[in-house]
Structure formats: C-alpha cells, structure tokens
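Colleague: Line by line, the protein sequences give chains A and B. So that you can map any letter, position 159 of the first sequence is 159 in the working numbering, and since no number is skipped, the others follow by simple counting. So that you can map any letter, position 41 of the second sequence is 41 in the working numbering, and since no number is skipped, the others follow by simple counting.
Hints listed in this document are in silico derivations from the structure and should not be mistaken for laboratory results. What you are looking at is a predicted structure, and each value in this text was computed from that prediction instead of being measured. Some clues are possibly wrong.
Have a look at the derived ranges for each label pair, beta carbon to beta carbon [stated by the list, open to error]:
1. T388/A with G186/B: 42 to 48 Å
2. Y385/A with N100/B: 51 to 57 Å
3. R248/A with K8/B: 42 to 48 Å
4. T196/B with R248/A: 32 to 38 Å
5. A159/B with A184/A: 42 to 48 Å
6. N272/A with Q229/B: 26 to 32 Å
7. N188/A with R10/B: 27 to 33 Å
8. N188/A with D282/B: 36 to 42 Å
Just so it is clear, CB atoms sit at the ideal spot from N, CA and C, and this is done for glycine as well.
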Amino acid sequence: MDGLIILKGGRVIDPVNGRDEVADLWVTDGKIVASQAETPADAKVIDATGCWVVPGLIDIHVHLREPGQEYKENVASGTQAAAAGGFTAVACMPNTTPVNDNGSVTRLILERAEGCAARVYPVGAISKGSKGESLADYAEMKEAGIVAVTDDGMPVVDSQLMRRAMEYAASHKLVVMSHSEEEALVRNGCMNEGLNSTRLGLRGIPAAAESIMVYREVALAELTGTHVHIAHVSCEDALAVIRLAKQRGVKVTAETAPHYFTLTDDAVLGYNTNAKMNPPLRSEKDREAIRAALADGTLDAIATDHAPHSVLEKELEFNYAANGITGLETSLSLTLELVRQGVITESRMVELMSAGPAGIIGVEGGQLGEGAVADITVIDPEMEYVFTAEASFSKGKNSPFNETKMKGRAIMTLVDGEVKYRL
Amino acid sequence: MQENYNFKHRHILGLEQMSADDICHVINTARSFKEVSARPIKKVPTLRGKTIVNFFFEPSTRTRLSFEIAAKRMSADTFNISASTSSATKGETLIDTARNLQAMNPDIIILRHSSSGAPHLLARNVQASIINAGDGTHEHPSQGLLDIMTIMEHKGSLAGLKIAIIGDIAHSRVAGSDIRGFTTLGAQVYLAGPKTFMPAAIEQMGAVVCEDVRDAVRDADVVMALRIQQERQNDSLIPSLREYAVCYGINDRLLQLAKDDVLVMHPGPINRGVEMNPDVADGARSVILDQVTNGVAVRMALLYLVLGGDKPGVEQGG
C-alpha cells in the first residue's frame, strides 16, 4: 500500500461505528483502510499509545476574517490555529468585508483555503450584505461551495424574511443557522443582565433576548419544514425551547461554545473585555443548564465561535470593545474537562465535536469507518500545559483563557491522511 | 479604626474597593480640610508642585469645579481638558489619550467618562493616580463620600440608619456609590422608584426594594432623591415627568412618614417639582447645600490621600 500510515496502539473512539477500543488505525491514499496482521516494511508507524484516536474535530462556527479584516485573522492563520486545536475542518461565517453573499467571495475563500492546515467550509449570508433586507443568491453560493446560510453576528429582524430564507434554503438543501437575538431587548447591552451588570454599571442583556428569538426560529422551522440550526446557545431558557421543539419533531439542531459551559459573567468583573462576547457569558444556572443539555442531547455540537480581534478592538472602554474571543486552540481542552468531570463520556465528546457538526452541515468526516476520509485527531488526554495567547497560531490574542492551566490536547491532526499539525 | 491604619489606595475607582476603615479615614481627613475652606485665605501648600488634570468627557460644571477648587486650595496646579465625545468616536483610543497625558507627568488624573469602567482602564495603563469623577452608570465615589460625610455630620454614624433612595437607581452612578458606601457603614438602604429604574438583582447588593415609595420613606433617617433625566421619557422608562412627580416626587406629605429629624438630600441639580418639591428642597430638613460644601473637603482629602499623605498638613498653611 502506497504511503501507508499506521496510528499504532491508540484508543480509537468512533461513536458512529460503535467503536471504543485500543487498536491500530491504517490510513492510505487519504482514506481509512482495514488493518492487517502484518505491518508492511515501508509503513510510517506513529505510536499513539496512551492517546485517543478520534475522527477529526469539526468546528462549524468560526470567523476567519478573510476577506477584509486580515489584520485580525486570515484563512491561513485561522486554519493553522484550527489544526493546532485538533480541528480538521471549520465552517467560516460570512461576516467578512465584503460579506460572503455571492459566489465570488465564496470562491475567494476556498482559493485561499487551498493547501491550508484544515478544510474550510464557507457559510453564505442569509441576506445581501447581511442587512436583513433581501435574500442573497443561495444557488450561486451553493454552486461555489457554501454549506449553510446565516447572517451570524446579526439577527434577522424581519420574521417574514427569515421565513422566506428558510423556504428558499430548503429548496437548495441548505441549513439555516440562526444568530438568535431580539435586537430591541439588547439595545446597547454589553453583558449578561444580572447582579454583575448592576455592580459594573454596564447595560445588561436579558436571557429572554435570546430565547424569544429561538422560539421564533423553531416556530418558523416548523412552519416551513426546514432544518434550522441555532448558533451559540448560551442560556437555559433557549435550551428549554429547543428541547420542546425536538420533542415535537421540529428539524432543529443547536450548538454551544466552550466558554458558555466553562465561564459565567463573573469573568467580566474588572471590565475584562476578553470576556465580552455575544451572546454574553451568563449565570451559573445557565452554565449548568448548558452542561446538562450537552449530556442529554438537546445540544448537537460544540462550536467555538472563534472570533479573533486585534487589541485595537479590545483595549477600549468595555461598552465600545468588540464582541468575541478566540477559541480554536482551547476548545478541546475545555471540553475534555467535561469528560473528566463526568458530565459527558468520551464518546459523547467525539459526537459533539465531530460527527454532530459534520451532520449539521452535511459534510464528510465525523467517523473512522473503512473508506472514510482520513481526517483524524490524536489526543493526549493527560498532557498538562498552560495555554498562552501569545503562543497561539491565531492572529487574535483575545482569549479569557490566556495563561490558564489546561489538561489534554491534540498532539496530531491529519487531514486527508496528511499530517497537518504535530505538537 | 484599626491601629497602624494606612490608606493604601493609589486610585479612587469606586466605593466597592473601600472598607469601612478606608471610608472613615477619608471622612476624618476631609473634616480636617473642611476648616481650610472657612479661612479668610483659603489655601494651604500641601500639594504645591503637584499637577492635577481634570479630564472630563462629559459636561459637569459642579463636579469639575468642586475638584478644581479642592486642588487649588491645596496649591496644586490644575488643568482642565474636556471632550464632547468619547475617545472611541474621535479615532483616538482612551488609552492613547491617557498615555499622551501621562507623558506630561501629571500626578493625578480626575476622570469623568460616560463609559462604566473607563477609570479602571486608565488605571491599568498610566502611572498617575486616577480618581473616578463618575463613570457611566457605575460609580461616583467622591459624591458617595460627600453624602456619607454629610450624614455623619448630622447623625454621628450611619450604623443602623434607614436611608431611602428614591428615583432612577439603574442609571445613577451616585446611587451605585451610595448603596455600596451606606451598606458598608451599616446603614439599611431602601430603594423606591418605578421598576423600569431598578437594576437587576440590586437586592443582592444589600438594598431593600420597595414597591411603594411610602414604605421606603416610612421612619427613614435620610431621604435622598435622584435626578431624573428628561430623556428617560423617550426611552419609555417613564411615561412623563408629571406622572413621575405624582408617584415618586418627594413632598411634605410623603416626608411626614419619615422620622422628624429626617435629612433630605439630593446630588443635584434638582428638577424642582419633579423629583422634589421646592419647599422640601429648601426646607429646614434639607442638607443639599451642605453636600456641596462637603464635596470640596472630601475631594481635598482624596487628592491628598492618593498622593500618599497620611496626616493632613493643614497646620502648615494659612
């Protein structure tokens, strides 16, 4: 077999194929192939003893900032950060400059992604310019390579437009991702509404701003029969709506981000702009609800909402600072913490970070069956290290986890059978 | 106060950072300085050679003037910078502006800014001492301290007092500092106002929220009304100033529920006939002008203390 790679002696965790066993994984020609009794002499053997060998992690919510804001991130740096975090593929949001609302921008992103460290799946805009006024050209963007549509960063205020977006997206077999936020309830709010916003004198955003819009989205998904995906769920109330909708058979999926199950709005104290994001970090009650929803299946994916910014956007008065934090290189370690705490199993973690995301946007990956694409992440679950933003591959250094002691990380990332990152 | 007490604050960002001992030390220091303002020649050399910058991003004649008088009475050199807009909208960041100021080596920067936390940002980025002269809807510590000083002058101590604060708590940095300072010193703080003016979870800061303003005022030792910004009507927080005045305005009838020796306070400027009737504002129980007088003394004390003074140098002057 040409170019055979054998990942030897790792714990292969592949929930799609019902595997969780110590085994060798054979890869050739970018595909996973059946193991055989004898190791060919020319095989490249990689010792994975003590490590987990899992389907490549997929992050369906990142901001690569290219085109237009390359000083914050570009496709090359963002995918390098992805690979270092164990991600073999990312879906990038369309709020670039110009907005990815047409085939040219989609093609440009994909051209930039050629030869990069991770696969890139562009997501197109719901509306032209993400202005919420008229539908973007879904067919043209689909032809160019988008996997979903969203106006992420901004809610679609007009309910009629959202209905039409869902109907039209269904015609083109595209999932609609919703940035769920009732704008009027946000109105210059810059953190979660609660004791901490009162103490800091910052305008709060109630959880209802999110849950109201989630309710609208699932109501429209039910009306139109379209698959709607709720992005970055942060609060208990939104989860309650999603849980109920799933019980009713509505085609709804949802993601959360590691910061929502790790931090609360206490992280904002001291006016820490690296803890400013949208939706905002919520209360302990919400954090616990998110953890429970990851375990019980209400949430389908963990995504990072990786949002790199330069210091220009962050070293400001809190209410003027940009929303968002980087996440690609901390996501896995933070999720492993959930496993260690017994919130989710190893297998569930892989579902949430690989098979689940792949299913939502309908792309390959997410499993290690024979013939599957050889997108693989090797994780050392015991490795201890201190995450520093300075050492990050991302251009963005805006992480609330800077200088945080972590345990467990990706030590190798293979895309198409090719090693893209090795610690 | 503990023996060997030292005032350790290089910046005055808010009363949240101050212990009861800190507050009492400021007030005691202010009492010493208050006498300076009563002299025929109102000047001591305590801060001679020190440079103080009044950096005001919002118009505020009263607070700025109070700080300026305080600085001048202590012989400091003062400079006023005002900006009508936030740094972010001018294209230069607040940190850049502050670093430029720092390069001119001021000893103290007194900052008034519409963004909560702006003084904290500055304090992390410059060497000068920062005094928060009001940040967004967060704190106004010198106002909180002058309110405490005024109450102490009349009541001796705040411990066990019932203090009612009426009005727009959510948007008031004065309330932010008062609630912290009053509760730190052992007072019971009662709040009243429409729910649109009540910040989230304020009870968890130790205040009692009353739906009926009469419950807040009943048996109160102090009743403080807060200024109502006219634009709150446009934000749909209140239907009209008129309706607010009827429901929450402090008048003689309401004050009859309070203790006979109740103090009436207001951080000013007063909308007469809205948050307070003129006869109450000018009445025998009003200590509103005492608040203004004490403001200068408190600010003298703060300027002195942040520069490391531990004993008022009043005796040097004259």
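Colleague: Each hint needs a verdict: does it hold in this structure or not?
Modeller: Consistency of the hints with the structure:
no.: 1; hint: T388/A with G186/B: 42 to 48 Å; in the structure: holds (45 Å)
no.: 2; hint: Y385/A with N100/B: 51 to 57 Å; in the structure: violated (39 Å)
no.: 3; hint: R248/A with K8/B: 42 to 48 Å; in the structure: violated (60 Å)
no.: 4; hint: T196/B with R248/A: 32 to 38 Å; in the structure: holds (36 Å)
no.: 5; hint: A159/B with A184/A: 42 to 48 Å; in the structure: holds (44 Å)
no.: 6; hint: N272/A with Q229/B: 26 to 32 Å; in the structure: holds (29 Å)
no.: 7; hint: N188/A with R10/B: 27 to 33 Å; in the structure: holds (32 Å)
no.: 8; hint: N188/A with D282/B: 36 to 42 Å; in the structure: holds (38 Å)
When held up to the earlier numbered hints, the structure conflicts with 2, 3 and fits the remainder.
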